[in-house]
Each structure stands twice: as C-alpha cells, then as structure tokens.
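S.K.: Whenever a hint applies, use it, and build me the whole structure from the sequences.
These protein sequences, in sequence, are chains E and L.
So for the first sequence, numbering that gives the first Met the number 0 puts the first residue at 0; every next one is plus one.
So for the second sequence, numbering that gives the first Met the number 0 puts the first residue at 0; every next one is plus one.
Since the hints were made in silico from the structure, they are not lab data.
By construction, the Cβ of each residue, glycine as well, lies at the ideal position given by its N, Cα and C atoms.
Zero decoy hints are in this set.
Cβ-to-Cβ under 10 angstroms is the rule here; a few derived chain L residues that face chain E:
| no. | residue |
| --- | --- |
| 1 | His40 |
| 2 | Thr51 |
| 3 | Gly52 |
| 4 | Phe54 |
| 5 | Arg58 |
| 6 | Arg59 |
| 7 | Arg83 |
| 8 | Gly85 |
| 9 | Pro90 |
| 10 | Arg91 |
| 11 | Ile92 |
| 12 | Ser93 |
| 13 | Glu96 |
| 14 | Glu99 |
In silico DMTMM-like pairs for lysine to aspartate or glutamate, Cα to Cα no more than 20 angstroms straight-line:
| no. | chain 1 | residue 1 | chain 2 | residue 2 |
| --- | --- | --- | --- | --- |
| 15 | E | Lys26 | L | Glu99 |
| 16 | L | Lys35 | E | Glu134 |
| 17 | E | Lys433 | E | Asp463 |
| 18 | E | Lys341 | E | Glu255 |
| 19 | E | Lys433 | E | Glu401 |
| 20 | L | Lys35 | E | Asp131 |
| 21 | E | Lys140 | E | Glu113 |
| 22 | E | Lys438 | E | Glu393 |
| 23 | E | Lys26 | L | Asp103 |
| 24 | E | Lys246 | E | Asp297 |
| 25 | E | Lys26 | L | Asp101 |
| 26 | E | Lys243 | E | Asp297 |
| 27 | E | Lys70 | E | Asp14 |
| 28 | E | Lys478 | E | Asp507 |
| 29 | E | Lys345 | E | Glu326 |
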Amino acid sequence: MKLILPPGLTKTQFDQAMAAFARAIGKEWVLATDEDRETYLDQYAPGREDSHAAAGAIAPGSVEEVQACLKIANEYRVPLWPMSRGKNFGYGGAAPRMSGTVMLDMGRMNRILEVNAKAGYCIVEPGVGFFDMWEYLRSRKIPLQMGIPGNGWGSIVGNALERGFSPAGDHSNNICGLEVLTPTGELIRTGMGAMEGGKAWALFKHGFGPSWDQMVVQGNFFVVTKMCLWMKPEDEAAISVEVKLDKPADIGWFTETVTPLRLRGVLDGYVRLTSFQATATVPTLRKEWYQGRDSIPDDVVTKIRERFNVGWWNGPIRLSGYSDVCEANLKRLLDGFAKHTKQEFKVTRLAGNAVSGPTTYPLQMVNWFGGRGGHIGYSPVMPADGKLVLEQFERTRRRFIEFGLDYSGTFYNDGRSATNVNLILYDKDDAEQKERVRKLFVALIKDAKEQGYGEYRTHLSYMDDVADSYDFNHNALRKLNERMKDALDPNGILAPGRNGIWPKAFRDQRGKL
Amino acid sequence: MRARTLVLVVVALASAFSGAAMAAAAPDAALVARGKAAFTHRCSMCHRDGGTGTFILARRLGAAKSLLEQRTDLDPTYVRTVVRWGLVNMPRISRVELPEPDMDALVAYLTAPKAPATP
Ligand SMILES: Cc1cc2nc3c(=O)[nH]c(=O)nc-3n(C[C@H](O)[C@H](O)[C@H](O)COP(=O)(O)OP(=O)(O)OC[C@H]3O[C@@H](n4cnc5c(N)ncnc54)[C@H](O)[C@@H]3O)c2cc1C
Numbered sequence: 000m001k002l003i004l005p006p007g008l009t010k011t012q013f014d015q016a017m018a019a020f021a022r023a024i025g026k027e028w029v030l031a032t033d034e035d036r037e038t039y040l041d042q043y044a045p046g047r048e049d050s051h052a053a054a055g056a057i058a059p060g061s062v063e064e065v066q067a068c069l070k071i072a073n074e075y076r077v078p079l080w081p082m083s084r085g086k087n088f089g090y091g092g093a094a095p096r097m098s099g100t101v102m103l104d105m106g107r108m109n110r111i112l113e114v115n116a117k118a119g120y121c122i123v124e125p126g127v128g129f130f131d132m133w134e135y136l137r138s139r140k141i142p143l144q145m146g147i148p149g150n151g152w153g154s155i156v157g158n159a160l161e162r163g164f165s166p167a168g169d170h171s172n173n174i175c176g177l178e179v180l181t182p183t184g185e186l187i188r189t190g191m192g193a194m195e196g197g198k199a200w201a202l203f204k205h206g207f208g209p210s211w212d213q214m215v216v217q218g219n220f221f222v223v224t225k226m227c228l229w230m231k232p233e234d235e236a237a238i239s240v241e242v243k244l245d246k247p248a249d250i251g252w253f254t255e256t257v258t259p260l261r262l263r264g265v266l267d268g269y270v271r272l273t274s275f276q277a278t279a280t281v282p283t284l285r286k287e288w289y290q291g292r293d294s295i296p297d298d299v300v301t302k303i304r305e306r307f308n309v310g311w312w313n314g315p316i317r318l319s320g321y322s323d324v325c326e327a328n329l330k331r332l333l334d335g336f337a338k339h340t341k342q343e344f345k346v347t348r349l350a351g352n353a354v355s356g357p358t359t360y361p362l363q364m365v366n367w368f369g370g371r372g373g374h375i376g377y378s379p380v381m382p383a384d385g386k387l388v389l390e391q392f393e394r395t396r397r398r399f400i401e402f403g404l405d406y407s408g409t410f411y412n413d414g415r416s417a418t419n420v421n422l423i424l425y426d427k428d429d430a431e432q433k434e435r436v437r438k439l440f441v442a443l444i445k446d447a448k449e450q451g452y453g454e455y456r457t458h459l460s461y462m463d464d465v466a467d468s469y470d471f472n473h474n475a476l477r478k479l480n481e482r483m484k485d486a487l488d489p490n491g492i493l494a495p496g497r498n499g500i501w502p503k504a505f506r507d508q509r510g511k512l
Numbered sequence: 000m001r002a003r004t005l006v007l008v009v010v011a012l013a014s015a016f017s018g019a020a021m022a023a024a025a026p027d028a029a030l031v032a033r034g035k036a037a038f039t040h041r042c043s044m045c046h047r048d049g050g051t052g053t054f055i056l057a058r059r060l061g062a063a064k065s066l067l068e069q070r071t072d073l074d075p076t077y078v079r080t081v082v083r084w085g086l087v088n089m090p091r092i093s094r095v096e097l098p099e100p101d102m103d104a105l106v107a108y109l110t111a112p113k114a115p116a117t118p
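M.R.: Take a look at the structure:
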C-alpha cells in the first residue's frame, strides 16, 4: 500500500515524526514500508481498501513508550489509532477510520498481570488474546470462564472496547476499572484504581464520583493500557437445550417465552436464535446450492435445512450453575415452550466446565462466494418483544431479497433488548454486488431509524451514517462528545472519526471516505 | 611456520565447507524449534487440524496440501509473501504480530526437509 499522508502533513513533516517515534521506541517498532501498510488494511473492506489506509504503525512496548508516542504525535499533529490485536473483522480489522492515520499497535504489551480465581477477575494488557487467556487458565487449572466471541483470534481488551459480546453477554459490562492515557499523555486509573494503592480496583466498578469506564468503550478519548475484567467462576453443571424452530414466524412466540425468563434470571447472558443460513455458510460454498445472483430462494432454503437437519431458526440455550437450579430452570423453560408447541426439545446434560475454547472456525464463512470474501454486520438494538422482533425480521429479510443478498440474521435477547445482528456476506471482487451491499446497508439504517432502533456497533465506513441516526435534539449527544473530544484532545490526534466523533482538527473529514 | 599457517588455513576452510554443507542439509535446529513455537503461537489456530485455514486450503488445493506443517513444496519467499500480503481469505500478519526474527524462524520451520511420513 502506497503512503497516504495524514491530512495537513507534508512528507517531510511525516518523516520527521516517524524518525522521532523511532528514537522513542526503537526503529524496529516503527512500521512504515508499503508492505507494513498492507498489513494494516481492512481484510474484509466492503468498499475500497484505501478508504481506511493507515500511513504506518508504531508499536510501543510500555506505558512510558506510549506516553512518548503521544507527545510526539501532538508535536507533529500525527493522528494515531489505538488497536490491541486488530482482528476486528467485519468492523474494520486493523484499519483506521481516516486514511493517513498511524496505527498505535498495542500488541507488544501482552502480559496477563493477574488472574484472581476467588474474586473472579483478570487484569490484562491490550495484546492479550482469547487464545492466550484460554491457555493460561487451562494450563494452571484455574476454574474461571470467559466470554469468547465467534472469532476468537482477537484481544480481550479490543473486543470489550468495541462492546463485543458472546452468548455470555455484553463483554463491556464486565469491565471493572481501566488504566488509560489521555491523548496528552496523563496516566489515569478509573474507579477504585483512582486511589493510590486502591485494593478494590477490579472489584467495584464506580469508585467515587462519575464512572468513566463506559466513556472509554467505543470512544476516542483515551488509550487503554490495562483492563480489569470480571470472569465467571466455573459452573457445577450445565444443560444444553437444542432449539430448532420450523417456521420463520416461530421467532415471535419464542421471544415472548424467553424474554420474561431472561428478565427474571432463569436464563442468563444472551439467548440467541440464528437463521438456518449460518449452518451452510461455514462448511459449504454458495455455488453448491445456487448460482443465481439474487437472494437464495425458498426451495434452496429447504434443501439446506434438510441437509443440515436444522430449523429455520436455531440456537442452543445453555442453562448453567448449580445442578438443582439448572433442572428447575429447565422445567420453567420447557413449560414455557409447551404452551406454544408440541415439539420435543433435545436436552443434553453437561459438566459445568464443558465449555468450548476460542476458535477461528467461523471465519471461513467469508469464503461463501468462493473467492476473496468479506462481511459486515448490521446490528440494530430493539425491544425484546415477540411481535416487534418478528416484524423486524420480516422487514429486514425483505430488504435482503430486494437487494439480492442472502439473509443471515441472529437475535440476541437479554430480557429487555434484542440485538439483531444481520450478517451481510459478499465477494470482495464483485463490484456490482458490493454496491448492492452498500445500498442494503443504507436502507437498513433508514428502516431501523424509522422504528426507533439504532446500531450498537458498526464498520468504519458507516460510523458517520450510524452516528447521524442518533439525532435527538439535532444530534446533541454527538455535539457533547465532540466538546469532550476537543477538551481532552486539543490537537485531535486520537482515533479521529471513531464512532462518528470528530475532533476540531479533522472535522472536515466527517462523511468522507 | 609456513607449514603451520597452511595447516590452519586448510582446517579453517574445511570447517567452513563442512558448516555450509551441513546448513544445506539440515537447517539450524534452534531456529526450526523457534519457528515451530511461532507457528503454534501465531498460525496454529487456523492452520492445524480442524482450523479454518486447513479447511479452506483443502477446498482449494485438496486435503493432501491442507496442513502447512506437512507440506514439502513451500518456498521461503512464498511463505513470507503470504504471511505479509495475505492470500484469498487469509488476513495479513504485521511485523508486530510476527516480528522479522520470528518470520525467519517460521520460514525455516515450514520449509525444513520433512521426515518421510510414516505409513
Ligand atoms: C466470523 C466472525 C465472527 C465474529 N464473532 C464475533 C462475536 O461473536 N462477538 C464479537 O464481539 N465480535 C465478533 N467478531 C468481530 C471481531 O472479530 C471481534 O470482536 C474481535 O475480538 C475484535 O478484534 P480485536 O479484539 O483484535 O480488537 P481490536 O481490533 O484490537 O480493537 C477494536 C477497536 O477497539 C479500539 N481499541 C482497541 N484497543 C484499544 C486500546 N488499547 N485503547 C483504545 N482503544 C482501543 C480501537 O478503536 C480498535 O479499532 C466476529 C468477526 C468475524 C469475522
């Protein structure tokens, strides 16, 4: 990838800044060759890869080195985009929002600083991956569990900072204390960590005064250098209930049944239901089923379901905890289902520690079209109400059919809200199809907005569109975020444009791709 | 004195040649071991049995070529290029994730002569 300079910088100024970074952290950790830039492109780019092209990367190895980098970035006005492991596939990978930004790759800071089995937490640096933590727990026989996203290749910190999730729930809810640097380099610990020698940093979220952790999540006000994260003690027992629902409309009664149970704690985490499509995209190629350029028709849907023996909607429900409680909760769940269907649900009893480790297996779904593939997710949050969920599904599927793309949807229910993740798969080398993806995405944002639903997270290319849709009182919240941004980051050097928050220095870049 | 110098030169040359010959036959064991560790740490989540990379390679090249650690046809430049530039659906790996010394070791490991497969 050829160099794209940060807006407003000459090549000489850029080179001077890179030389200053090299003096501060060692030249081997300043990565600015064409090949280096290539390694920070968005692998799944739904548009042009150079819409989000980094000018290079710097990789400090300690808090002090990050501080030194921030100082230099302010001096030379070089925008930096922090990342932990950069496996944010579907949302931008290791790429920045604005081309010319330099990646602040925190991957070298990868120590597991503490794991406390008794109190159920860990303290980690940004570079720690899910695989690293899994290995650490297993090799030391530590009876703790962690939520692992479908793509397990990423980092615990980056994932939580994106508000990533798994069936265990929203991972950002487990953050309990952070160590961060402001864009101007002040080191801060949040919550109880704000006290020198504070003993409850990883135990109590808020400390004294305003609680800052969620200001860091999906923001661009800080660089995170340490994260305390709650983990769950290993369960005594678990029960897996296989849910296979035959008709698309079954999602209505299913939602009405599980929502109150989740609200009352009979179920926990996210109760999820996924459409049939997901079973085919990983192990097979689309052309084995259908050659048309339109959305997969219903007779093919039936064939897929028959071959994999799956429902229209599928999802295991996992009950876990003490075995007597699990059995009682299972009865409540099955009684609830019995009010709507005569169907039998397969029940499997498992050891509490029978949990799956991280995997990258689902990544192969991007091979659906056979060549270089990608995906983006459109994921609005809505009420966990059966009628509304069914309508949302029907409206969304109609849009997929209208734009000739294969529908793949999941609803994650937490008892109050449902997050509706719609997976849009495409062939990166099919420009016409990618244009349809763009049109679908814009239509989905509009549809959801009309219903009063908004996305929980989005790809770099759609951050401004989604931020626009949060428009109460003329986007008053975004204006507040940008006032904060300007106060904390006067030169606008940290992650300009993340989640639609643009600093004064680069505000003219809003909406530009 | 002259004879002694000559002997030393011959000894030095002989050991240099035998060193070179050995390097061609068997790559540095420590380097290969480091490469295996790098593979385990950075590649194995996709490129061992059951992994995404193995699966997609089997689809593209057939099962016999799907496990990288068993391949005998990998060329050093090819390995390097695929790691840094990606291939089809394989994401690119940066110098932070796989620093150059680990890359050298990985290349040595993946291109080292393999013991014949046991039937
Ligand atoms: C097939 C597939 C399945 C997936 N399944 C899931 C899933 O189930 N759940 C899910 O949540 N995601 C899922 N993902 C998306 C993504 O791969 C994961 O969320 C992944 O963990 C994110 O990458 P990362 O952890 O390396 O984060 P990074 O890319 O390192 O970070 C993400 C972003 O967080 C911010 N950030 C990171 N580190 C810092 C820091 N130190 N300081 C300040 N800001 C920082 C930056 O804005 C950065 O761009 C999936 C992706 C694919 C392709």
